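Please build the complete structure, drawing on both the sequences and the hints.
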Amino acid sequence: MPSKRILIVDDEPDIAQVVARALQAAQYTVVAHAPTRNAAIAQAERERPDSS
Amino acid sequence: MDISLEKSLDGIDAAKEIRSALNIPVVFLTGLADSDTLEQAKAAEPLGYIVKPINPKELVATIEMALSQFAVGTRRAERVRRDSDAIYHSLVENLPQNIFRKDLEGRFTFANQRFCRTTGRSLEEILGKSDFDLYPAGLAEKYRADDLHVFRTGESFEAVEQHQDDGSSVQYVRVIKTPLYDSQGKRPGHSRHLLGHHGSEAARRKRSGKVRSASGRLQRPPMMPSSAWTRGA
Numbered sequence: 000m001p002s003k004r005i006l007i008v009d010d011e012p013d014i015a016q017v018v019a020r021a022l023q024a025a026q027y028t029v030v031a032h033a034p035t036r037n038a039a040i041a042q043a044e045r046e047r048p049d050s051s
Numbered sequence: 000m001d002i003s004l005e006k007s008l009d010g011i012d013a014a015k016e017i018r019s020a021l022n023i024p025v026v027f028l029t030g031l032a033d034s035d036t037l038e039q040a041k042a043a044e045p046l047g048y049i050v051k052p053i054n055p056k057e058l059v060a061t062i063e064m065a066l067s068q069f070a071v072g073t074r075r076a077e078r079v080r081r082d083s084d085a086i087y088h089s090l091v092e093n094l095p096q097n098i099f100r101k102d103l104e105g106r107f108t109f110a111n112q113r114f115c116r117t118t119g120r121s122l123e124e125i126l127g128k129s130d131f132d133l134y135p136a137g138l139a140e141k142y143r144a145d146d147l148h149v150f151r152t153g154e155s156f157e158a159v160e161q162h163q164d165d166g167s168s169v170q171y172v173r174v175i176k177t178p179l180y181d182s183q184g185k186r187p188g189h190s191r192h193l194l195g196h197h198g199s200e201a202a203r204r205k206r207s208g209k210v211r212s213a214s215g216r217l218q219r220p221p222m223m224p225s226s227a228w229t230r231g232a
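Protein sequence lines, in the order shown, are assigned to chains C and F.
Residue 10 in numbering that gives the first Met the number 0 sits at position 11 of the first sequence, and the numbers go up by one each step.
Residue 157 in numbering that gives the first Met the number 0 sits at position 158 of the second sequence, and the numbers go up by one each step.
Among the hints, a few may not be true.
[To be verified] BS3-like cross-link-like pairs, simulated, lysine-lysine; straight-line CA separation at most 27 Å: (1) F:15 / F:51; (2) F:56 / C:3; (3) F:56 / F:41; (4) C:3 / F:41; (5) F:6 / F:41; (6) F:51 / C:3; (7) F:41 / F:15; (8) F:51 / F:41; (9) C:3 / F:15; (10) F:15 / F:56.
Calculated directly from the structure, the hints in this document are not laboratory data.
Source: prediction; values computed, not measured.
Laid out in structure tokens, this is it:
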């Protein structure tokens with residue numbers, strides 16, 4: 000089963016990194032990190048993180 | 000998804016968009032836990048809400064539950080849709096009615112099997128065609144005018160029409176045309192489709208000489224005899 004794909008949305012890089020590390024340790028794939036509302040929507044459209 | 004990005008609560012806005020437009024599940028991860036923020040966050044329908052500081056185990060557990068809930072919801076919605084399709088299909092195919100749907104341009108977008116049989120055409124031959132492809136011009140013009148009236152006014156059209164087949168038999172057929180709306184609600188003049196059905200009103204046999212005009216709200220001229228769709232009825 001392919002690993003689940005997660006998009007992280009946070010404007011603080013430190014926090015995003017902590018979250019990314021925790022998710023990767025649990026075998027998730029972090030597809031992108033978006034710091035703003037618009038970046039979040041754009042990345043969600045492009046990367047289509049897990050919806051199944 | 001963090002909640003406070005550049006502007007306050009921008010994350011809720013992004014989550015709403017991602018959830019509704021893309022159908023991607025969202026878990027909030029935020030320092031905000033006041034009741035006002037919680038209330039606003041509900042509108043984005045998140046599948047989880049974690050308050051910072053981050054606990055990696057809690058983060059993973061919440062995401063796991065969110066993904067599993069999302070999958071359950073998707074399966075359930077799929078089942079409801081299939082059940083509803085089955086009911087719709089059994090109704091449409093078993094009622095003693097010729098049922099069709101047309102778009103604004105008058106093209107057929109659906110026809111039930113009975114309609115196909117009475118017109119003597121397959122569904123593939125009917126879809127995308129208009130009344131002008133199926134009926135004599137005079138009849139097609141009347142049907143188109145009735146359709147446009149339904150689209151324009153948002154009112155249903157109902158009439159008992161008289162159809163005469165090639166022999167001496169005259170049939171009375173009740174025709175009902177109704178504007179169709181999507182789930183966004185009714186706004187007269189804004190329907191994109193029309194549902195029509197017609198069935199036998201009363202099997203009366205008359206001499207072909209005693210023909211009365213079709214009655215209807217629009218008071219159109221009498222129907223042309225020998226309409227195509229009564230041929231096989």
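Going through the hints against the structure:
1. F:15 / F:51: 21 Å, holds
2. F:56 / C:3: Satisfied, since the Cα-Cα distance of roughly 16 Å is no more than 27 Å.
3. F:56 / F:41: The hint holds at about 24 Å.
4. C:3 / F:41: 24 Å, holds
5. F:6 / F:41: With Cα atoms ~18 Å apart, residue 6 of chain F and residue 41 of chain F stay inside 27 Å; holds.
6. F:51 / C:3: 23 Å, holds
7. F:41 / F:15: Within the cut-off at roughly 10 Å; holds.
8. F:51 / F:41: 18 Å, holds
9. C:3 / F:15: Holds: residue 3 of chain C and residue 15 of chain F sit about 21 Å apart, inside 27 Å.
10. F:15 / F:56: Holds, at roughly 26 Å.
Of the numbered hints listed earlier, not one is contradicted by the structure.
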